[in-house]
Every structure is written in C-alpha cells, then in structure tokens.
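Residue numbers (my numbering), protein chains in the order written: chain A, 1 to 472; chain B, 1 to 304; chain C, 1 to 209; chain D, 1 to 660.
FYI, nobody ran anything at the bench for these hints, they're computed from the structure. Where a beta carbon is used, it is the ideal one built from N, C-alpha and C, also for glycine. Among the hints, erroneous ones may be present.
Below, simulated PhoX-like cross-link-like pairs (lysine-lysine); rule was C-alpha separation at most 25 Å, straight line [claimed, not checked]: (1) C/K208 - D/K636; (2) A/K345 - D/K154; (3) D/K155 - D/K617; (4) A/K415 - D/K296; (5) A/K140 - A/K343; (6) B/K46 - B/K59.
Far from chain A, by Cβ distances over 10 Å, these chain D residues were calculated [stated by the list, open to error]: (7) I38; (8) S50; (9) K92; (10) K96; (11) L99; (12) A189; (13) N203; (14) P223; (15) V279; (16) K373; (17) L488; (18) E509; (19) W537; (20) H542; (21) D571; (22) V583.
The residues making up each chain are set out below.
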Amino acid sequence: MYILFIILSIVISLSIFLFKKKNVTTILSIVFLASLVIISSYAYLNINKTDNIFFKYDSLGVLLSFVLTILSIATFYFSRNYLKKIDYHSRNVPVYYAALIMLITALMTAYFSNNIAVLWVSIEATSLFVTILIFFERSKVAPEASWKYLFVSSIGIALAFIGILLLSIAGSNDGVTDLSFDTLRNVVGNIDTLWLKISVLLIITGFSVKLSVFPLYTVAVDAKTIAPSPINALMSTVLVNAGFVAIFRTFTVIAHTEIIAWTQNVLFVVGLSSIFIVSIQLFRVKRLKRTFAFSTMEHMGIVALGLAVGGIGYYAVILHIVLHSFVKAGLFYQINRIHTTFKSKWIDDFSGYFKINPLGGITMLVGFISVTAIPPSGLFVSEFLIFKALFLGHRYLIAIVAFILLTVIIYILGKIFLGILYGNVPDKIETYKPNYLEHFLQLSFFGLVIYLVINPPAFFVDLINNAISILN
Amino acid sequence: MISLLLILVSALFFVGIITKIKAKIAARKMPSILQPIYDVIRLFKKGAIYSSTTSLIFKIAPIVYFSSVLLAVFFIPFGGEAGLLSFHGDFVFFAYLLAIGKFMMIIAAMDTGSGFEGMGANREALYSMLVEPAFFILTASVALFTNNISFHELFAHFHIGSNLSYAISIASIYVLVYIAMVENSRMPVDDPKTHLELTMVHEVMVLDNSGFDLALIHIATWLKFAIYGSLISDFIIKSTWNLYEQIAVYLGVQIAFACLVGILEAFNARNKMNKNPQWIIVLSALAVVVFLTTLIITQKIILN
Amino acid sequence: MTYLFIIIYAISLIYFAFEERAKKFVWLLVIQGLILFGMAFFSLKEIEFFDFIFILTETVVVKSIVVPWFLNRVRRHNGLKRVYEPSMPIFYSVIIVMLGLIISFVLSNTILDNKLHTQFFTVAFASIIYGLYFIIIHKNIFSHVVGYLIIENGIFMLSLAVGSTIPLLINLAVLLDVVMGILVLGIFMNRVGDTFQTDEVNQLTELKD
Amino acid sequence: MTIIILQIIIILTIVLFILPKQHQNNISLLLQLGIIGITSFWAIKAFTTSNILEFPFINLLGHSVSIKIDKLSAFFIFVINLTSLTGLIYAKGYLKPYLQKKNATEIAFHYFNFLWLHISMLLVVMIRDALAFLIVWEIMSLVSFFLVIFESEKKETVKIGLKYLIQMHIGVVFLMIAFIIACVQTGAAFSFDGLSIYFASHNPFPIFLLFFIGFGIKAGFIPLHSWLPHAHPAAPSHVSGVMSGVMIKMGIYGILRVLSYIHEDLFGIGVFILVISLVSGIIGVSLAIVQHDVKKLLAYHSIENIGIIGIGIGLGVIGLAENMPVLAVLGFGGGILHILNHSLFKSLLFYTAGSVYKQTHTRNIEQLGGLIKKMPKTALFFLLGALAISGLPPFNGFVSEFLIYSGMFKSLHAGSLLTDIVLLFSFSGLAIIGGLAIFCFTKVFSIVFLGTGRSDKTKNVTEVEPVMIIPDFIIGFFILLIGMGSFLIVQPLMNVVAIFTENASILSEMTSVLNKISLSSGIFILIIGIIWLLRAWQQKRHQVLENSTWGCGYTGANPALHQYTATSYADNFVQLSSKVTNVKKEFQEFDVDEIFPKERSFETHSSDVFEDNLVTKPTNETISFLEKIAVFQTGKIQDYLLYALVFVIVISLLTYFNLL
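Given the sequences, and given the hints that come with them, work out the whole structure.
Printed below as a string of structure tokens:
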C-alpha cells in the first residue's frame with residue numbers, strides 16, 4: 001500500500017515536471033493532496049500494522065502524518081498565492097511543485113519508515129529536494145544558502161550514516177541483516193556500550209542538521225532565511241519533525257540499555273547549548289525569517305531537554321512538537337504577507353504593520369503570543385510540562401538556566417515583534433485589503449494550538465500516549 | 001464636660017499670659033492679659049478681603065482648621081473623667097483631626113499663589129510631618145504602660161499602682177512641651193513676632209486671611225495651646241484626687257505651661273530654618289527613649 | 001592482500017595532506033576508488049554476481065571514473081589550477097594526518113569483535129576524520145567536495161568492515177550518498193562559480209547576521 | 001447555568017472586532033455589566049453561605065478546572081468589579097480624542113483587552129488550580145501590557161510596555177517554580193490547595209519567598225517595583241486607574257492566598273513582609289514627593305499604599321505567629337480594608353489626573369496651576385481623593401489605617417519585647433508615611449489646581465464632559481460611605497479575616513469604636529456647617545472686598561512669577577531625603593560681575609536608586625555582554641563543521657573521563 005503511494009507521488013511529480021502545464025499541475029497537486037489524506041487516514045485505520053517490513057504505521061508516525069497532511073494542504077494553498085506574482089514558465093514553477101511533492105513524500109516516508117536505513121535514505125532525500133526549493137527564489141544569496149545547506153547536511157547525514165553502520169554491527173549479529181527498529185531494540189543490548197555511545201553520538205550529531213539544533217543548526221537557519229515562506233513553513237515544522245522522528249526512534253532503540261543516562265546528558269548539552277546560542281544570536285538578527293528560524297531552534301532545544309529528562313517530558317515533547325508545527329507554519333504564512341506589504345526582508349524596514357493591516361496585526365500578535373509560549377498559547381502548557389519534568393528529575397540548575405535564557409529570548413522577540421507591529425507607518429506603503437481566508441487559516445492554526453491543550457480530543461491523547469508507551 | 005470648659009477658659013488667657021511674661025522679662029510695659037481677646041473681638045467686627053487668586057479652598061480652610069481644633073478639644077480627658085468623645089484609639093483620630101486642619105491651611109496658603117505663603121506652607125507641612133511620630137511614640141509608651149488605648153483610660157490608669165509612672169511623666173512632659181511648641185509654631189522653630197516673611201512659618205501662611213477667618217485662626221491657636229497644656233496636666237493629675245484638687249492643679253499647670261512658653265520664647269533664639277528638621281527629629285528620639293524606659297519599667301527589658 | 005590496499009590507502013591520505021594541486025586531488029580520488037574496489041573484491045567471500053556488479057559500479061565506475069571526470073569538468077569550468085593555501089600549513093597537516101593514522105590504528109586494535117574486519121577500521125576512521133579536517137582547513141569549495149568524498153570513502157570502508165554480508169540497504173545508501181553528493185554539489189559549484197565569479201568559500205559569507 | 005452565561009459572554013468579547021468605533025464602548029459596557037452581574041451574584045452567595053462556592057469552569061489538558069469562591073475571592077470580586085466598571089465608563093470620555101487617530105480594530109482591541117483584564121482578574125481570584133491560575137495570571141499581564149502600549153505611536157511607550165511584559169514574565173516564572181517545587185516535593189495536587197500539605201511538613205519560608213517575589217513584582221513592593229512608575233504614566237488614565245486600583249492588588253491577593261495555607265513558623269515571614277512594606281511605604285512616598293509627572297507621582301503612591309497594606313498583613317501574620325489575636329485580626333482587617341480603600345481613591349485620583357491631562361495635554365505639574373477655577377468638579381474630586389489617600393478623617397483611608405493603628409496599640413502591652421520593637425517601628429513608620437503623604441498631596445493639589453497657571457497650557461481649559469465625572473461620583477460616594485459609615489463594613493470584613501484567624505469576632509468589638517468615629521466625623525462636619533453659616537451671617541453685615549494677593553507691597557507683576565513651584569515646595573524635603581531620592585539640580589551659577597542676570601533655567605531630575613542599581617544597570621550590562629559573544633553565525637562552512645567536530649570531541653572526552 002505505502003509503496004503504491006510512493007510510486008504514485010513520484011509519477012505525479014515527474015509528470016508535473018515534464019508537462020509544465022498549469023492546469024495539469026493544479027489537478028495533479030489536488031490528486032496528490034487527496035492521496036496524502038487517504039494514506040494518512042489509512043495509516044490511522046490500521047495503526048501499529050507493518051507494511052512490507054520497511055514501513056510501520058505507529059502512533060508517532062500517524063500523528064505527524066496528520067500534521068504533515070494539514071500543513072501540506074495549507075502550504076499548497078499559500079504556495080499558489082505566493083507563486084501568483086511569478087510568471088509560470090520563466091521561473092519553472094513546475095520544478096517547485098515537483099520538488100515540493102517529492103519533499104512531502106520523503107517526509108511521509110521518514111515518518112512511517114520502520115527501518116533505520118529507510119529512514120536515513122528518506123531523510124537524505126528530503127535534503128535533496130529541500131535544496132532545490134531553497135534555491136527557487138534565485139536571490140543573490142540563494143546559491144550560498146542552498147550550497148551550504150546541501151553540503152553540511154550531507155556531511156551530517158554521512159556522520160549519521162556512520163552511526164547507523166555501527167548500529168548495524170548489532171543488526172548483523174547472529175545473521176539478521178535487517179535494521180528494523182524492532183530488531184535493533186532486541187539486539188542492541190548485546191553491543192559493546194562504547195560502540196553504542198559512538199553511534200548514538202554520531203547519529204545525534206548528524207541528524208541535528210535536520211532537527212536544527214546544536215551543533216549543525218547553522219545551515220538550517222541560513223536555509224530558512226532564504227527559502228520561500230511557504231517552504232519555510234514546511235522546513236521549520238514537518239522537516240524538523242522528521243529530524244525529531246529520527247532522533248526519537250534512535251532514542252527508543254537505546255531507551256532500555258545502560259547508556260540511556262549518558263544519552264540523556266548528551267541531549268541536555270545539545271538542548272541547553274541550542275537555547276543559549278539562540279538567546280545570543282538573536283541579538284544580531286537582521287532578517288525577519290531568521291528570527292523565526294532561530295525561534296524554531298529554541299523550541300527544538302526545549303524539545304531536546306524534554307526528551308532528555310523523560311517522565312512526563314516525553315508526553316510534553318510530542319505535544320510540543322505538534323503544537324510548534326502549527327504555530328510556526330501560521331507565522332511563516334503571515335511573514336510572506338509582511339514581506340510583500342513592505343517589499344523588504346529586513347526587520348528595520350518594518351513598522352506600523354498594525355495600522356497598515358489590522359487583521360494581519362492581530363494575527364502577528366497572536367502568533368507572537370503563541371510562539372513565545374505566553375499563555376493562552378498551548379506551547380506554554382507543553383513547555384510548562386517539560387519544566388515540571390525537569391524539576392521532577394531534579395535538574396533544577398538546567399531548568400533555571402533555561403528559564404533565564406528563555407526570558408532573554410522573549411525579550412528580543414518582543415522587541416522585534418513590537419517594532420514590526422507598532423510605530424509610524426513608513427512612507428509609500430498602501431494599506432492592504434486583507435485576504436480573509438489567509439488570515440482565517442493562520443488564526444485557526446493558532447486557535448487549534450490553544451484548543452489542543454484546553455480540550456485535547458481523545459484520539460490525540462491516545463496517539464501521544466501510544467507513541468511514548470515504548471519508552472516507559 | 002468639665003475638661004471642655006476648663007480648656008476653653010484657659011485658652012482665653014493663655015496667649016495673654018505668654019505675652020505678659022515675655023514683656024516682663026524684656027522689661028517692657030505689659031499689655032493687658034485680655035489683649036488677645038480684644039484683638040479677636042475687633043477682628044470679628046471687621047469685614048474681609050479675599051485675594052482674587054484664591055478659590056473656594058481659601059474660604060473653607062480656616063473654618064475646617066478651627067473646627068478640627070475645636071473638635072480635638074472634645075477628646076481631651078480631665079483627670080479621671082473622659083472627654084466628650086472618647087473611644088479606643090481616639091488619640092489616633094485626634095492626631096489625624098489636627099492633620100486635616102493643617103492640610104487645609106496649607107493648601108489655603110498655596111491657594112493665594114504667593115511665594116511667601118508657599119514658604120510657610122511647605123515648612124508647616126514638613127515640620128508637622130516630622131513631629132507626628134514623636135506624638136505617636138509618646139502615646140504608645142503610655143499605652144504600653146497602662147495597656148489602654150484611649151486618652152481617658154490612658155490617664156485614668158496612668159498613676160494607679162507604682163510611682164514609677166512619674167519617671168515617664170517627666171520625660172513625656174518634656175517632649176510634649178516641645179511638641180506643643182512645634183505644633184503651635186513658636187520658638188525655637190518659629191518666631192511669631194518676627195517681621196521678616198522669609199523667616200516665618202505660621203504667620204506667613206495667614207498673611208491673606210482677614211476678619212472672621214483670621215479671628216478663627218487666632219482662637220484655634222489658643223485652643224491648641226490649651227489642649228497641650230491640659231494633656232500635660234493629665235500627666236500629673238492623679239485620677240484618685242478629688243475634683244477641686246484636680247481643677248486647682250490643672251489651672252496651675254496651664255499657667256505654669258504658659259509661663260514656661262513665655263520664658264522659652266524670651267530666652268531662646270529661633271533656630272536657623274534648615275536646622276529645624278533635625279531639631280524636631282530629636283523629639284522623636286527623645287520619645288523613643290521614653291518608650292524604652294517604659295519597656296524597662298514594664299520589665300520587658302530585664303536589667304540587673 | 002587487503003593489508004596492501006590498506007597501506008596504499010593510508011599513503012594516499014598522506015598525499016592528500018601533502019598535495020596542493022586540484023588535479024592531483026582528482027587523481028588521488030581515482031586511486032582511492034580503485035583501492036576500494038580491490039578491498040571489496042578481496043575481502044568479500046562467497047561473492048555473488050549481483051553484488052560483484054554492484055560493487056564494481058560503486059567503486060570503479062562511480063568513484064574512480066564518473067566522479068573524477070565530473071570534478072575535472074568543474075575544475076576546468078572554474079579555471080582552478082592550484083588550490084589556495086589551506087589555513088593550516090601543509091607541514092602540520094602532514095603531521096596531523098600521521099597522528100590520525102596512528103590513533104585510528106591503535107583504536108582499531110582495541111576493538112575485540114570477532115565478526116568485524118577490524119583491519120578496515122584502521123584507515124576508515126582515519127579517512128573520515130581526515131576528511132572533516134580537510135574540509136575545515138580548506139577555504140575552497142572544490143577541496144570541500146574532495147574532503148566530502150574522502151569521508152564517503154571512509155564510510156564505504158566502514159560498511160565493508162561490517163562484515164561479509166553487507167545489508168543491501170547500506171550499499172544503496174552509499175550509492176545514493178555518492179550520486180547525490182557529486183551531482184548536486186557539482187551543479188551548485190558551477191552555479192556558485194557563476195554567481196560569485198570565484199570559488200573562495202569566504203565569498204560565501206553573506207549569511208551571517 | 002450562570003457559568004454558561006459567563007462563558008458565552010467571554011466568547012462574545014470577540015464581537016467587538018466587527019463593531020464600528022462608536023458602539024464599541026457601549027457594547028463592552030453591556031458585556032461588562034453581564035460579567036459584573038454574574039460574579040457579584042456569586043460573591044454575594046459566597047458571603048451569605050458559610051461554605052465555599054465551587055463549580056466546574058473549563059477543561060485543561062482533559063481534566064476539568066473548577067471555580068472556587070471563598071470569602072476572600074468574593075471580597076476581591078467586589079473590588080475588581082467596582083473599579084473596572086468605573087474605568088470603562090471613564091474610558092468612553094477619555095478615548096474620544098483617539099477615535100479619529102486610531103482605526104476600528106485598534107480601538108476594538110483596546111476594549112477587548114480591557115474586558116479581558118477584568119475577566120482575567122476575576123479568574124485569578126476564583127481559580128485554585130495552579131496551571132490554570134498561572135495561565136490566567138499571565139493573560140492578565142499580557143492584556144494589561146497591550147493596554148499599556150495603547151499609545152503605541154510613541155516608541156518610548158512600547159519600550160516601557162516591553163519592560164513591563166518581561167518583568168511580569170519573570171514574576172510568573174517565580175510563581176511557576178514555587179508551585180512546581182512545592183507540589184513536586186509532596187506529590188500533592190497541583191493547585192493552591194496542594195500547598196497546605198507542603199507547608200504542613202516543610203519550612204515555609206523558602207517557598208513563600210519565591211511566591212512573594214512572584215506576586216511582589218505585580219504588587220510593586222520595593223525593590224520589585226521598577227515597572228510600576230513607568231507603566232502607569234505610559235498607560236491611558238482609565239487603564240492606569242484600573243491597574244493601580246486593582247491589578248496590583250492581585251499580587252496582594254496571591255500573597256494572602258498563600259499565607260492562608262501557612263500555619264507554622266510565621267514570625268519570620270511576618271517580619272519579612274513588614275520590613276519590605278515599611279521600606280516600600282516610606283521610600284515610595286519619598287520618591288513620589290520629588291516627581292513632576294503627576295501620574296508617575298500617583299504610581300509611586302501606589303507603591304506607598306501597597307506598603308501600608310503590607311504593613312497591615314505583616315502585623316497580622318506576626319499576630320498569628322505570636323498568637324496575639326487582636327493584632328492578627330486588626331492587622332489583617334486593616335490591610336484588607338485598605339485594599340478596597342486604595343482601589344477607590346487611587347482610581348479616583350488617576351481618573352481626575354487623566355481628565356487634567358486630557359484637557360491640558362501635559363502631565364508635568366510645573367506647567368499647571370489654577371485649574372480649580374476652570375475644572376471645579378475635577379478639582380474637588382481630586383481633593384477628595386487626596387484627603388482620602390492621606391488617611392485623613394472623615395474619609396475611608398483613615399478607617400483602614402485606624403484599624404491597623406489600634407491593632408498595634410492594643411497589642412503593645414501584651415507583646416514580647418521583640419514584638420514591641422517591631423510595633424514601634426511600624427507605627428512610627430506609618431505615622432511618617434501619613435505625614436509624607438500629606439506633604440505630597442498638599443503639594444500636588446495646590447500646584448495643579450490652586451494659585452495661578454504656570455504656562456499657556458492652562459489657558460482656555462474647560463471642565464471635562466459629564467461622562468468622565470460619573471465615575472468620580474460613584475467612587476466618591478463609596479469613599480464617603482466607608483469613611484462616615486465605617487461600622488457597615490465590619491461584618492463583611494470579619495468574614496474575610498476569618499479565613500486567616502479563627503477569632504475574627506474581635507472585629508465586632510470595633511463596631512462601637514467605629515460608631516464613635518462616625519459620630520465624631522458627623523460632629524466635625526456639623527461644626528464646619530455651623531461656623532460656615534456664622535461667617536455668612538457675619539459677612540453679610542460687613543463688606544467683603546476682593547483684591548490681589550499681598551505681595552509685600554509689590555503688585556506689579558503677575559503673582560505666578562513668584563508663586564511657589566512643585567520643586568521649591570519639595571525642596572526642604574529633598575534636602576532631608578537626598579540619599580534616597582538623589583535629586584540632581586541643573587542650573588547655572590551667577591557670575592561675579594553679572595549685575596543684571598540674564599534669564600536662567602532651573603531643572604531638577606530625580607532618579608530611583610533601587611531601579612538604577614537593581615534593574616537597569618544589571619540588565620543593560622548582561623544584554624551588552626550577550627551581544628558581544630554572539631559570534632557563532634560566522635557564515636563559514638569550515639566553522640560550522642568545526643562545531644560538529646568540537647562537539648563530538650568534547651562529548652567523547654567527557655565520556656572518557658566519565659563526566660557524562
């Protein structure tokens with residue numbers, strides 16, 4: 001079944017790429033979205049079933065696939081608005097759509113892959129297609145960004161691959177050669193812990209490029225600065241989630257070995273240093289998108305902390321991942337509007353947005369509240385749970401430091417957001433007639449984030465609980 | 001009731017006595033002891049001039065001031081007998097009552113928009129602010145001593161039991177005299193007889209008052225004196241004495257107080273203006289000493 | 001027999017440290033590709049036909065023919081003769097690569113795992129670490145790609161080390177890695193060359209706010 | 001049933017955004033009345049019934065959060081409702097000039113936030129579940145932040161707003177930590193009620209300290225106050241009125257709520273609160289005296305009054321600790337009553353000050369003067385507020401202070417030596433605060449409203465429109481009611497105090513005293529009336545003239561020239577308090593040969609010692625430091641990979657040395 005989906009999407013993207021016809025593109029994209037909905041709901045229906053040994057519809061995958069589906073639909077919609085201004089053929093828009101579809105497919109594969117090698121391959125694929133999309137705007141810095149992203153992420157992936165190889169040493173034990181997570185879980189116990197540690201270290205380092213946390217966060221940030229906003233919306237949400245899936249699955253593999261404590265400490269280092277770097281780098285930021293790229297990094301740092309401390313942290317982490325996806329997506333869609341309104345990408349050029357576009361202003365405000373995890377934002381709850389977990393785990397110092405750094409981050413973000421929203425309207429900015437559907441979509445994302453914590457639907461909670469059930 | 005009458009009576013002559021004493025010491029020909037009364041009567045016979053700058057505040061202030069002082073009189077007990085109004089913590093009310101009078105006088109002075117009165121006003125405000133704690137600490141030490149918190153009970157139970165109370169009395173009287181001087185803005189804080197506005201406190205505040213209002217202010221001053229006089233006398237009078245003794249002692253104390261004020265005024269020189277605050281804060285310090293002695297007497301501080 | 005290849009490979013690494021001409025780098029890559037083929041060929045017992053073909057393409061065809069050819073194209077396209085001075089003097093680089101080799105030899109000696117061909121570890125580690133080091137010390141995109149390829153070779157050897165029965169997936173992975181790396185990196189190097197009219201990475205530092 | 005209506009109203013607040021500007025105020029007033037109706041109904045029920053009202057409100061993370069209303073909550077509900085109502089009425093007039101400047105969404109957003117401030121404050125006092133509490137608490141801070149930056153055209157305002165938001169966030173972090181630690185260590189339910197278990201078994205002070213800091217930042221205790229003197233002037237006056245009137249009291253509520261669960265070793269806590277409060281009171285009012293910005297001045301007075309409330313509470317706690325019921329009851333009673341009183345006169349003062357600002361467009365009192373003739377109603381209400389806040393009879397401020405005083409004096413005899421010393425400091429402190437308050441308000445009232453105008457700003461000023469006076473009447477009524485009929489509030493007050501101590505009935509003994517006070521006040525007013533009539537009668541029979549102020553015989557220039565200014569009025573105090581207020585004078589000395597001096601300017605600037613040394617300097621230094629070390633995004637791939645290498649190596653080393 002899943003193979004069918006892959007084949008279908010490959011066919012679709014190829015034909016979009018080849019035909020270069022607008023209506024073809026439209027129809028095929030709709031078909032693709034439909035297939036997305038079908039596959040994710042199919043996955044939900046036969047949850048925890050494996051699909052030809054390489055794929056398994058486990059809870060985490062299903063949950064994230066829902067997120068992916070929703071965001072993909074939104075992204076296609078916003079991409080349409082985004083590409084309106086661009087002449088269809090000159091900028092070979094088909095490439096955009098083809099790459100986008102392949103990216104989404106790769107991501108879906110990453111979520112559902114039950115085999116570390118498949119996971120790895122699909123993540124590799126994502127960086128390939130993302131690079132194409134980053135390059136799309138062809139601005140002066142586009143090649144630089146895409147080059148850096150591709151190169152460093154290849155290195156990262158290579159490192160991760162070494163890690164996987166070392167794991168596969170365990171896999172190749174007593175003849176079994178498949179690297180499915182279940183097998184690994186069983187055999188991982190009888191590897192020399194030194195090897196295990198090295199492999200985990202390499203895997204974390206390698207995938208940090210996707211999770212956009214320390215140490216290899218840098219290129220992800222650059223890429224998000226350059227990529228078109230709709231792509232950003234995917235890069236800092238579902239793509240990051242793919243990185244999370246990779247690390248989470250590895251984590252589950254070693255969850256019951258004796259190196260778990262060590263791994264947790266490593267994750268603490270990763271998380272804290274990420275948050276720290278964000279809290280200082282944000283002072284230098286001049287491009288608006290970069291701000292959000294860093295904010296993504298901050299949230300992933302928090303996620304790393306939560307994953308490290310465990311306990312209710314696990315639940316909180318997955319909740320955080322999901323909520324963060326919606327918030328960030330909503331914000332990036334809005335950013336595109338800001339860029340077009342002010343015809344600039346630099347923070348200094350933005351001011352008085354509230355006056356120019358009140359509805360957008362409100363959206364930005366709500367976004368600000370949501371992204372900085374100020375109540376009633378749902379992220380507040382997940383962050384709160386993570387911190388509670390930290391205290392429960394007696395990681396007082398880490399919690400306090402994180403609190404301080406987060407406060408700094410909120411301060412800077414606040415400064416930036418308020419600068420955009422208030423102050424005098426710059427000259428020659430025509431007040432903009434809001435596209436209600438856009439704002440409604442964005443606001444509904446933020447609303448969803450609040451709703452999911454105020455009154456989470458049963459299946460949502462169950463999915464999360466199942467996803468983490470393997471850990472404790 | 002008695003206390004009210006007594007205070008009113010003694011108020012009538014108080015300032016007269018002071019002037020007389022001062023004149024005597026200065027070896028001047030002394031005016032009649034009733035001279036202040038004549039002045040006031042003359043004022044009552046006059047009309048009034050109001051500054052065009054002033055507003056309603058200026059008109060109502062003297063009345064509020066006078067009424068506050070008059071009402072304050074009601075609280076003063078006499079010997080064993082309570083004042084007309086007496087309840088737990090009445091001295092707090094008493095203090096704040098005088099405060100509201102001052103408040104109105106101050107803003108009235110500011111209402112005239114005159115630089116001189118501004119000076120007087122802010123000095124008055126500062127000094128009365130500084131003197132307030134002294135009064136409270138003093139009363140507190142008595143309250144601590146007698147475990148009562150109304151004027152009447154304070155003094156009614158003051159001298160019952162040990163004569164140690166006199167230790168407190170003397171100290172308290174000393175402080176109280178000076179508080180009275182400050183509250184009535186006499187020497188050494190303020191010289192009512194000076195003719196230079198820049199160095200006045202109380203007098204300069206009432207430069208623009210005339211006629212009826214001025215009369216009220218004068219009377220209020222007498223009453224204030226009488227009030228403090230009778231407070232002092234309450235420190236001395238034992239509630240166990242019979243009424244005549246009490247009245248005799250009371251009047252004696254009032255006269256003695258008046259003379260004392262006169263003598264102080266005659267021999268003291270007025271403080272430098274910017275010396276006044278520290279001089280006033282000394283009163284609070286003394287009051288604290290009284291408080292500590294009380295602590296010793298009530299054996300909260302045990303010494304051997 | 002394998003030891004011979006390993007030694008040659010080690011030497012090739014040292015030469016990477018020593019050389020400064022882009023052309024030489026390409027040739028070294030060719031040699032390494034051949035070495036890898038040799039290693040694979042001799043180390044794998046009961047080798048089936050399919051595997052053989054696969055390894056042949058992976059090593060000889062891709063690593064020592066397609067890639068070098070491609071790199072040469074790029075080199076000419078960018079008119080690149082002499083790699084600009086690395087930020088670390090060659091003298092030290094050589095010493096470092098020596099040290100790296102020693103360490104990784106010693107390290108692989110410590111591994112006591114009977115089902116691993118630890119002899120591969122010796123150079124595999126060395127070449128991965130050295131690849132990273134190579135990238136870090138060079139300012140030049142071309143050398144970065146070279147460094148990346150060195151790492152890839154190291155990884156290939158690691159996958160050999162895993163044992164006689166290589167999971168097919170790993171092969172796939174390696175192949176994808178190489179292809180991806182070369183094609184896309186190459187394309188981008190051309191583009192970057194066009195856009196910046198130079199291949200100094202230091203020119204690629206607009207994004208640093 | 002009622003709860004559903006409330007929820008519906010809460011949701012309906014969204015409607016504001018689709019309304020045209022003109023109707024927004026009325027509609028929000030309508031919604032607010034609904035909220036007030038329901039909550040007041042609950043509050044009354046809570047007061048009349050002996051047990052705690054409780055019913056489910058919303059779900060959070062699946063489990064339901066319920067509203068709990070005990071007498072303390074009920075009391076605060078009354079306070080909140082009253083002030084918020086007057087605030088909204090006042091806003092109708094105050095925001096009129098802004099209607100042209102701002103677009104409908106902005107105005108709607110403002111009213112939306114105002115309503116939400118009201119709602120969130122109500123929820124704060126009604127919710128016990130810790131997580132929900134933290135959320136509504138932060139919502140309160142957030143919406144108040146949006147209210148503060150209403151005049152967002154000014155960069156300065158936004159900056160102040162941001163500072164405010166950050167400090168509030170720090171506060172909430174402290175609260176969060178406190179809650180988590182308390183409930184983690186005991187495994188108790190994650191709510192206020194869970195605290196009781198913790199406090200029963202642990203030394204309460206550390207956790208209480210965390211709570212105190214968290215709530216104290218909101219309440220504005222010195223040295224946690226630094227947001228307050230900036231946020232209040234920046235905000236529109238109805239907002240400052242509500243913020244200063246009730247929102248900062250939420251901090252007090254929190255402290256009270258926490259205290260209600262502590263029963264062991266309270267003495268230290270009591271002394272701690274008392275000391276902080278005395279400092280806040282005295283420093284607050286001292287700083288208030290030297291201000292020229294009327295709203296900033298009022299803001300510092302809020303700090304002072306928080307201090308007075310704190311003194312009451314601190315004494316109450318000491319009373320509990322030393323088991324002196326009188327002190328406990330009267331301390332808590334006075335403190336809690338002062339919460340209500342302060343909310344009344346402080347909002348009144350802010351509204352009237354706002355009216356002055358609206359008409360004169362300046363908050364600098366040095367430019368004002370003589371307004372009593374131009375806006376008499378406003379002036380008189382300001383005077384009323386001034387008298388009340390100075391704690392003078394027969395107004396409400398006096399009653400609460402009186403309760404505290406009599407509590408102290410009553411317990412002097414019974415108290416131990418230590419207690420007596422503490423009391424000594426308390427009542428002298430309170431006396432000084434009172435005196436300083438008088439000093440300050442004589443200054444501000446006379447400079448703003450009396451004398452003659454000091455600049456053209458006071459020319460052609462008119463009285464504000466009636467709608468802005470209505471709130472003054474409402475508040476004034478309550479001020480007088482509590483002032484004159486203080487015996488009325490004894491019963492309710494007793495109910496509230498009963499939460500903290502079982503022998504609250506002592507308050508009922510105060511009834512007779514309060515009756516006497518009302519009587520005396522009555523007589524006072526009677527005497528005033530009589531004498532007024534007397535004078536009227538006397539002056540009918542003599543001529544009453546009007547003439548210019550006596551200027552030492554010189555009548556040439558306009559008196560405003562040699563009229564006293566705020567600076568000169570405060571000068572003799574400044575000399576005393578120079579250590580705290582450090583006022584800087586800027587002027588140019590006369591030259592020796594300068595026979596005919598040229599025109600000169602004289603300025604004074606005061607700065608807040610605590611704010612400078614505890615907040616401004618450290619934060620600035622940290623930020624600049626962080627900016628300095630932000631060098632990771634070099635843009636060089638080599639460096640990026642180096643990070644990875646370093647990371648791997650470091651981790652390996654750490655692992656090798658067993659540090660991980």
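Which earlier hints turn out false for this structure, listed by number in ascending order? Of the numbered hints given earlier, the structure breaks none, since each of them holds.
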